[in-house]
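**Q** As a plain string of letters, each chain reads:
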Amino acid sequence: MSVRIFVPQDAAALALGANRVAKTLSREIETRGIDAVIIRNGSRGLHWLEPMVEVETAQGRIAYGPVKASDISSLLDAGLANGGNHPLCLGKTEDIPFLKNQTRLTFARCGIVDPLSLEDYKAHDGLKGLAKAVAMTSADVVAQVTESGLRGRGGAGFPTGIKWKTVLDTAGDRKYIVCNADEGDSGTFADRMIMEGDPFVLIEGMAIAGLATLATKGFVYIRSEYPHAIATMTEAVEIARRAGILGASVMGSGRAFDIEIRTGAGAYVCGEETALLNSLEGKRGIVRAKPPLPAHKGLFNCPTVINNVISLASVPIIMDKGAVFYKDFGMGRSRGTIPIQIAGNVKHGGLYEAAFGLTLGQIVDEIGGGTASGRPVKAVQVGGPLGAYFPRALFDTPFDYEAFAAKDGLIGHAGITVFDDTADMLKQARFAMEFCAIESCGKCTPCRIGSTRGVETADKIAQGIEPEKNLALLADLCNTMKFGSLCALGGFTPYPVTSAMNHFPDDFRPVPLVEAAE
Amino acid sequence: MNLHVSSRDIGERTLDIVSAMKSLEGPLLPILHEIQAEFGYVPQEALPVIARELNLSRAEVHGVVTFYHDYRDHPAGRHVLKLCRAEACQSMGGDALAERVKSLLGIDFHQTTPDGSVTLEPVYCLGLCSTAPAAMLDGEVHGRLDADAVRDLVAEVRA
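From first to last, the protein sequence lines are chains P and H.
In this note's numbering, each residue's number is its place in the first sequence (first place is 1) plus 10.
In this note's numbering, each residue's number is its place in the second sequence (first place is 1) plus 14.
In short, the hints are calculated from the structure, not lab data.
Worth double-checking, as some hints may not be accurate.
[What the hints assert, rightly or not] Between beta-carbon pairs, the in silico distance windows are:
1. H/D109 x P/E466: 36 to 46 Å
2. H/G153 x P/D135: 54 to 64 Å
3. P/E478 x H/A173: 48 to 58 Å
4. P/A68 x H/G153: 38 to 48 Å
No residue lacks a Cβ here, since even glycine has one placed at the ideal position from N, Cα and C.
Using the sequences and the hints given, assemble the complete structure.
**A** Right, dumping it as structure tokens:
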């Protein structure tokens, strides 16, 4: 049998030259007459080692990285096809500490399987959850998801089972499952990785959601900045349809469910669920007032489940292994695992799935290995552009929805962006306002106008114009935006701003004006 | 992408696209994506055709086109370089890199070089936050950019 060599085609690996590596490897294999096939897998999430090439051996998979196209020749000379030793050899993949210490439930297959091979998917426990759901009543599926304690991984943390129950209990001729894959937060890439590395798990999760709520149609709304994820998901849906996983009779159940992939058009606010629904309907991505909840009146006014990619992708394992299995991980009211995305100025960036409860310090210093620049960590922004900046003094905060809320922060979509001591927090606060001004949908005044006034006020502080007065004004503006905005864009923009002001006051002190010499 | 199409051609080709896609649920965004793929931008002449076929007012279609950052009202350069401007890239020197790219190309964001070779656009996150700073050139992703790498990218689009 041919040796299987894995070269990831996750966008992060592609950005570091994985296609050149695959091309060179393919050519060299042919020239040397080596009996090997190249599999384009997803990423294992060890992004500082990408492109990470793996080879399957009798002892397990052996990893090499980071591999450049120019390394291929010497790698093959060293016996890459048999797991031979080489300076780039990392040993057995599963023994690499960054991977070994994780609890991979949602990402169990990501980086291991061929993303578009249904056989591979099934061989790694795929479709077991859906098979169980097919044999159950809708109410029992909903009860199991509720019991697992799964909460929305998009950021709001609303219990997924409760949302599903509302849709199940709401009468409607037509119901929808909408997957929010508009992952616009900087510092996050878990949705992208799962769509590129294990697309069938999302399809399976959506099909289970359909069976659970009697919805027959699903949409995956993927941001246009993710062309690779769009291509993989589109192909995976076609494969699933041909295999009878989607269509008129889901796995022979006689119950229908199908999925359509839709592409966003570059509006960050469409990650907000009601704006996303408007966008799907072909309208401007304007936020809707709630109530009515999407679960009652969502897409085209029909009862709609709208869940984040990771929420839906976590459902298959809950159905397969049971609610108790999943619930046993985690702390407090944050149950199960969370795929933490370690990004920015960090030595070991990537995806780290673990039970809730790690402290921020463990994540940044131990797992992330500190900054890439080697300078001290100044701040970490947790939860994307609407998340708070945390100073080192708060590094004992455990990764848990409630613990972060208690420190005036949020875990959001679990992205962590690390900044070294060269960061200017006034500049970061200004950027938060600027980003809100660019991306505001314009429906409510605090967000639309407040953000622009916020940029101007931050500029005045930077220029030393009436700094005390303008600092008070900025704080007041944040308060208005926080409580007066319709959605999380205007409502959460104050998190990065006020956290920067509170934790890094030195950066907001005016530059002393030099007195003009008379 | 053909930059020299008559208004009549635009109307006819738009009608073909709309006819093929209007049975979709919520067809407007997919139609606009297809029109932009066809013409390289969303021509004004396409709007009344879309409005008529979807039973919308022209103002409604205009409102949607102008809401989304992706839709252009005029053709882009031969290449489109999108530089990530979001926080993770900022933490790795993205701002300085952006200044460098702007000075190498002699243009600002949202502008096209006078020779029509490249349009420079900001993007707020490519999901490459662990390999920052990142950029996308004509749909191809690039990570861990430094001064040398952006010089190569610029040379590529200028070639």
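**Q** Now tell me if each hint is right for this structure.
**A** Status of each hint after checking the structure:
no.: 1; hint: H/D109 x P/E466: 36 to 46 Å; in the structure: 20 Å, violated
no.: 2; hint: H/G153 x P/D135: 54 to 64 Å; in the structure: 34 Å, violated
no.: 3; hint: P/E478 x H/A173: 48 to 58 Å; in the structure: 54 Å, holds
no.: 4; hint: P/A68 x H/G153: 38 to 48 Å; in the structure: 40 Å, holds
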